[in-house]
Amino acid sequence: MKDHAELSEEFNKDEPRVDWHDETLWFIREKRDKAVHTIPEWEWLRETGSQIKNNVLSNLSVYLEQFELNAQANGVKVHWAANAAEHNDIVLSILKKHQVDRMVKSKSMLTEECHLNDFLTGNGIEVIDSDLGERIVQLANEAPSHIVLPCIHKKKEEIGDLFHEFLGTAAGESDPQVLTEAARQHLRETFMTRKVALTGVNFAVAETGEFVVCTNEGNADMGAHLSEVHIASMGIEKIIPERQHLGVFLRLLTRSATGQPITTYSSHFMKPREGQEMHIILVDNGRSRQLGRADFRNSLKCIRCGSCMNTCPVYRRSGGHSYHTAISGPIGAILAPNLDMKDYADLPFASTLCGSCSNVCPVKIDIHEQLYKWRQVLVKDGYVSPVKAISMKAMAFTFANPTVFEVAGKSGRWFMKNFPSMVSNKLNPWYKEREMPEPPKESFREWYSKNRKKP
Amino acid sequence: MSSRNSILAALRENQPELSVLPSLAGPISVEADPVEKFKTLATAIGSKIFEVITFDQIKEVIMKQFPAPARIISSFEELAAIAETDIKVINPHLLEDTELAVLKAQLGVAENGSLWVPELNMMQRVLPFICQHLALVVYKKDIVSNMHEAYQVLGNSNTGFGAFIAGPSKTADIEQSLVLGAHGPRSMTVFIMS
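These protein sequence lines are chains A and B, in that order. Under UniProt numbering, the first residue of the first sequence is numbered 1, with each subsequent residue one higher. Under UniProt numbering, the first residue of the second sequence is numbered 1, with each subsequent residue one higher.
Zero decoy hints are in this set.
For lysine-lysine, the following PhoX-like pairs were computed, each having C-alpha atoms within a straight-line distance of at most 25 Å:
(1) K342(A) - K393(A)
(2) K64(B) - K39(B)
(3) K417(A) - K450(A)
(4) K2(A) - K342(A)
(5) K31(A) - K364(A)
(6) K410(A) - K441(A)
(7) K34(A) - K48(B)
(8) K48(B) - K31(A)
(9) K410(A) - K388(A)
(10) K141(B) - K59(B)
(11) K13(A) - K2(A)
(12) K88(B) - K271(A)
(13) K104(B) - K271(A)
(14) K37(B) - K34(A)
(15) K88(B) - K195(A)
(16) K77(A) - K97(A)
(17) K104(B) - K88(B)
(18) K373(A) - K388(A)
(19) K453(A) - K441(A)
(20) K64(B) - K140(B)
(21) K31(A) - K39(B)
(22) K380(A) - K2(A)
(23) K301(A) - K31(A)
(24) K34(A) - K39(B)
(25) K13(A) - K154(A)
(26) K31(A) - K37(B)
(27) K195(A) - K97(A)
Treat the hints as calculated values from the structure; they're not laboratory data.
Throw the hints in and build the complete structure from the sequences for me.
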């Protein structure tokens with residue numbers, strides 16, 4: 001499997017595209033800033049959101065039982081899935097019970113995490129993603145590269161080619177207005193003919209047993225309200241205690257995500273429609289394990305706004321696919337090692353630790369600190385390549401010993417001055433895409449001992 | 001052990017010491033003129049606003065924009081002359097050719113230009129989403145400053161289903177170009193009634 005550095009290198013081959021990707025995401029970060037600055041109590045909102053989520057994590061078992069009871073009283077069937085496989089089996093069994101072999105789905109990163117589409121396709125079920133961005137990546141046979149903007153890595157001309165091939169638009173047509181209209185017509189037919197609809201869940205309220213789904217396109221509602229069976233898949237950490245807490249989170253979510261004041265639709269599902277069947281699948285898939293890791297449990301507070309991706313200098317220049325996991329970017333890099341330390345050992349290193357992610361996070365997750373802590377865990381437990389582990393150990397030793405540090409600095413400067421090819425070559429990963437700096441004549445320590453005022 | 005019980009057992013084992021829920025009494029800004037703020041925000045997200053006093057004014061706007069034979073559906077008996085007002089028994093799929101739906105919003109929210117519509121006011125759940133164009137009527141007195149106030153009004157009412165709706169359906173998934181009319185209504189009109 002290729003790691004983050006190798007996948008980034010592929011993405012970086014097309015420099016104008018990298019620049020475009022970088023600028024597009026930064027533009028969204030700027031829209032977020034503008035929206036946030038109109039709310040004087042923004043920092044209070046963040047702090048309150050963070051504290052509500054702390055309470056949720058400390059009382060998750062009780063809230064889930066309360067939610068189950070209230071949802072059942074509302075006529076909703078509640079299922080529990082310990083892992084991805086069990087989640088997928090539950091979905092398949094519901095489809096089989098209704099003798100249905102096709103389903104429409106709105107955005108759910110959880111089903112990406114569970115690889116539901118592949119599983120269902122393998123079992124003879126056709127799945128159509130109805131969010132425009134998700135439909136585009138589905139047609140391209142790719143995974144979403146961003147949790148809020150699934151096809152942010154694609155140019156409109158590429159989308160035009162896909163639509164020409166699959167939806168019959170004119171060759172060379174790349175006007176977003178025309179392409180969106182084509183998707184609208186195609187997906188209307190899908191909504192009208194599917195008996196089962198699956199949606200994600202943004203928030204679920206323990207006190208009322210309801211769940212809230214946020215979309216701009218209206219695709220979750222079109223699917224759910226025209227279906228005979230509505231399945232909602234949610235990670236167990238999506239619970240919030242009371243309905244009034246929605247006020248806090250709905251104010252935070254979309255301003256952080258896209259800079260809009262709220263999504264077009266914030267739909268509150270309490271009971272199934274008359275004659276309809278409604279299911280909720282509560283999925284653990286490693287979340288209870290992450291809850292037990294004191295250093296990393298805060299990652300479960302995430303409300304999936306994507307602002308950490310839009311602001312991340314690495315994400316913007318490496319693209320979402322370089323993270324090779326369903327949730328990319330900084331938050332994905334602290335969630336993924338919990339799922340598999342070996343497969344995702346590279347991700348906590350895909351960061352400059354600049355802290356911008358933590359600064360924009362609407363629920364104040366200490367993302368960059370957790371990235372740093374994962375590095376230590378992964379090196380200690382032997383999940384990092386021996387070369388990196390040895391060089392990190394050598395670095396720690398050097399920094400901890402003043403004499404060694406001085407000698408190392410001196411010899412480094414001497415080598416860079418007299419034998420620049422020893423550092424400026426392809427074997428040194430730091431030399432890639434960079435000019436090595438001019439070596440300074442002396443270290444700060446040497447300069448200081450020469451220039452300080454003698455007592 | 002069932003997955004339910006094993007998940008709950010793992011959570012009980014792993015969840016940290018109980019931390020208290022914060023109070024929601026905070027430095028929340030309140031709009032001096034919620035109606036003006038609502039108008040500004042709703043316009044910014046693509047809604048068209050009309051301030052009206054009578055249903056005749058609403059009728060006039062609608063008839064100009066949606067001349068017959070456009071299929072219009074409304075929950076307002078006052079609009080019976082131009083709209084179907086009873087669709088309770090219709091299969092939701094048969095609403096697909098609805099050109100315009102005119103429904104009542106329970107409240108409007110100034111800070112984001114959204115309107116809360118409970119299921120009871122939707123006639124059919126799918127109607128405000130499947131129609132080509134949507135119009136919502138809200139009373140001036142029902143426009144609140146922010147989401148906190150909105151949820152205070154809603155309390156824990158169990159309406160089966162309900163949604164905050166903010167403007168026409170939209171997407172910017174293709175190169176961040178905003179397109180109105182993704183899967184739901186292509187336009188949103190708000191009638192603010194005195």
